[in-house]
Amino acid sequence: MINVLNSLLLVLPELILGIFALGLLFFGVFQGDKSLRIVSYGTIIALVLATLSIFVESSTQTIAFRFETLILNDYYTELVQFLILFVALTVFWASFSHLSQNNLGRFEYPILFLLATLGMLLMVSANDCLLFFGGLELQSLSIYVMVALERERAFVSEAAIKYFILGTLSTILILYGFCFVYGYTGTTDFNGIEVALSAYKIAPLPIILAMVLIVSGLAFKVSAAPFHMWTPDVYEGSPTCVVLFLSSAPKIASMTFLVRLLFGVFGQFMETWQPLIMALAVITMILGVLAAVFQNNIKRLLAYSTISHVGFMLVGIAATSIGGVQSVIVYLTLYAVMVIGTFTCLLNLRHHGQMPETIDDLRGLSKTNKPLALALAILMFSLAGIPPLAGFFAKFLVFIAAINTGQYALVIVGILCSLIAASYYLRVIKVMYFEAPSGNGNVGIIYDRPLSQIAIWVIGSVVVINLLFFTVPEPLMWYANRAAVTLFTTE
Amino acid sequence: MSVLSVGLNHYLILSMLLFVIGTSGVIIGRKNVIMVMMALELMLLSTNIAFIAFSSFLNDLVGQIFSLFSLMVAAAEAAIGLAIVVVYFRNRQTINLADISSMRG
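Here the protein sequences come in this chain order: A and B.
All residue numbers for the first sequence refer to this note's numbering, where the first residue is 51 and numbers rise by one.
All residue numbers for the second sequence refer to this note's numbering, where the first residue is 241 and numbers rise by one.
Same shape as in the complex, but just chain A (with noise of 0.2 Å):
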């Protein structure tokens, strides 16, 4: 009996995730769409409680597993729970109060948020390709979802088809890849097949292939180029408050699991998957950066951006040290606070309720609404990776991991890479400020809203904490390299 608990203990958050999502469906389904504003409240309140959840079952155990060996619990997934969770809860409380505006005021949205956040809980603490199967279907299911609910918008079900049949794709990718797994080793338990693999030397050839076919899949999913092609179009024609979900946690979970996967089941053949990463780091890097240059649209930009910095935290993993892993965790917590208040900012332009489409948009933003514009170029200051700002700490992390391990040739690409990219993400600052409200005979688009306390708030922590995190960058920096260290230790 005292098993059992223990074991329910530490699936805390996944299990009241999972019990508020369907208590909230039941209630929601009498009550009809009516029932938002409580069901919304409801998520939130279980997007908090499961985080703090979080410290409850880490007061428990260092390393445990739990359901036979089902699911795993150390300070590495910890912190990517709680990170998930955290972005998770900040994204909620950025977009909800714009649900019904962008035609989402439907109760199942909060509900499948929740569904998605349960899935990217479980692909971080799966310690079983049943397990991590389960979970990525239970979050990109919710999100093909998410994505094609403003049904009226032509715009919106060709993204979701976009995003449907490569997503899926991707799914089977990984799955033919655990396939290969199971039948060289004979178990779909991740220690069981490390146990199973390091009775080898090398890499047996159906491993390498299972590596690449598992590798691309998730390629797929953190949108790394060559496997990049949805991410434009997803970003353009879903709408903003999903866009802002789907850049942010499941890309952290996806890559959290890319990390473990390959320094943990597959650590002991880092030989032969470094070129690989290297290979998908360089293009990644390249492609996101140079179609960006091109963009007029701003999502569609913000979607290449996301690219570019996909890459960068790929040569994090390329430099595979602990040094390496600690900087792609630091990179994707600012990367998603980054994102978050990016997209936030862009929520909140609207201008009888239109939203920006294009960067001229913006023109002239800094004389009609000096905070937002205020705000959007620090951000873009940060994204570009412009010194004293947090964007700039996580690229430098990222290059010093690689130089440490001696990749400069992955380290002089990245180099020239974020200097190209300071070009575009400087133009949409040279569009707000240095251009008038109204060119070209049309009239300029005001968008003098002010914004609600909520966006204030959102907005404004995270231009501070872009500003400050280098006077504390020491709390994140030691969780991220105790989570790392957990992940060579086990091996």
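These are computed hints drawn from the structure, not numbers from a lab.
Check the hints yourself; a few may be wrong.
Far from chain A, by Cβ distances over 12 Å, these chain B residues were calculated [as the list claims (entries may be wrong)]: (1) Ser-245; (2) His-250; (3) Val-266; (4) Leu-337.
Simulated DEER-style distance windows between Cβ atoms [what the hints assert, rightly or not]: (5) Ile-436(A) <-> Ser-296(B): 57 to 67 Å; (6) Leu-322(B) <-> Gly-242(A): 16 to 26 Å; (7) Gln-318(A) <-> Ser-296(B): 26 to 36 Å; (8) Val-246(B) <-> Leu-466(A): 52 to 62 Å; (9) Gln-503(A) <-> Val-326(B): 32 to 42 Å; (10) Asn-299(B) <-> Lys-84(A): 51 to 61 Å; (11) Val-246(B) <-> Phe-344(A): 51 to 61 Å; (12) Ala-338(B) <-> Asn-153(A): 24 to 34 Å; (13) Lys-271(B) <-> Ala-459(A): 17 to 27 Å; (14) Leu-340(A) <-> Ile-274(B): 52 to 62 Å.
Every residue gets a Cβ at the ideal spot worked out from N, C-alpha and C, and that includes glycine.
Starting from the known structure of chain A, fit chain B onto it as the hints suggest.
Here is chain B on its own, set in the frame of chain A:
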């Protein structure tokens, strides 16, 4: 293994063939979305064949459980995919893949 008896390799080759057919269906299938979804189903089922073949070869039940699990997921996926296609058809009155390209760049 005699030529006539069917072994693990035959199942794996069958599964791989189906997988390749499915992949090429997704990549070069330009007719309509339903065809692409059928190709995706084919890929999923090809992994199931491999899973079950491995499971029987290894005398281990996990593979069969995995294939049941992925069948269930495939059903959910097909439901969501078809729902999205219905929504798209209502907006555009077509499900031709060549028309699904209004976003470029």
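Quiz item: Per the hint of 26 to 36 Å, is the separation of the Cβ atoms of Gln-318(A) and Ser-296(B) within bounds?
Solution: Because 29 Å falls inside the window, the suggested range holds.
Quiz prompt | Cβ distance range 32 to 42 Å for Gln-503(A) and Val-326(B), holds or violated | solution = For Val-326(B) against Gln-503(A), whose Cβ atoms are near 39 Å apart, the range 32 to 42 Å holds.
Exercise. Examine each Cβ of chain A, and state whether all of them lie more than 12 Å from the Cβ of Ser-245(B).
Key: holds (19 Å)
Quiz item: Per the stated criterion, does the least C-beta distance between Val-266(B) and chain A lie above 12 Å, as a non-interface residue requires?
Solution: violated (6 Å)
Self-check item: Range agreement (Cβ of Ser-296(B) with Cβ of Ile-436(A), hint 57 to 67 Å)
Solution: At 59 Å between Cβs, range holds.
Quiz item: Would you say the C-beta atoms of Leu-340(A) and Ile-274(B) sit inside 52 to 62 Å of each other?
Solution: violated (35 Å)
Quiz item: Going by Cβ atoms, does Leu-337(B) stay more than 12 Å from chain A at every point?
Solution: Label violated. Min Cβ-Cβ 9 Å, cutoff 12 Å.
Quiz item: Taking 12 Å as the cut and beta carbons as the points, is His-250(B) off the interface with chain A?
Solution: holds (14 Å)
Practice problem: Go ahead and decide if the range 16 to 26 Å is satisfied by the Cβ distance of Leu-322(B) to Gly-242(A). | Solution: At 37 Å between Cβs, range violated.
Quiz item: Between Lys-271(B) and Ala-459(A), does the beta-carbon spacing fit 17 to 27 Å?
Solution: violated (44 Å)
Quiz item: CB of Ala-338(B) to CB of Asn-153(A), is that within 24 to 34 Å?
Solution: holds (28 Å)
Quiz item: Using the C-beta atoms of Val-246(B) and Leu-466(A), is the stated range 52 to 62 Å upheld?
Solution: holds (55 Å)
Checked against the numbered hints above, the structure violates hints 3, 4, 6, 13 and 14; every other hint is satisfied.
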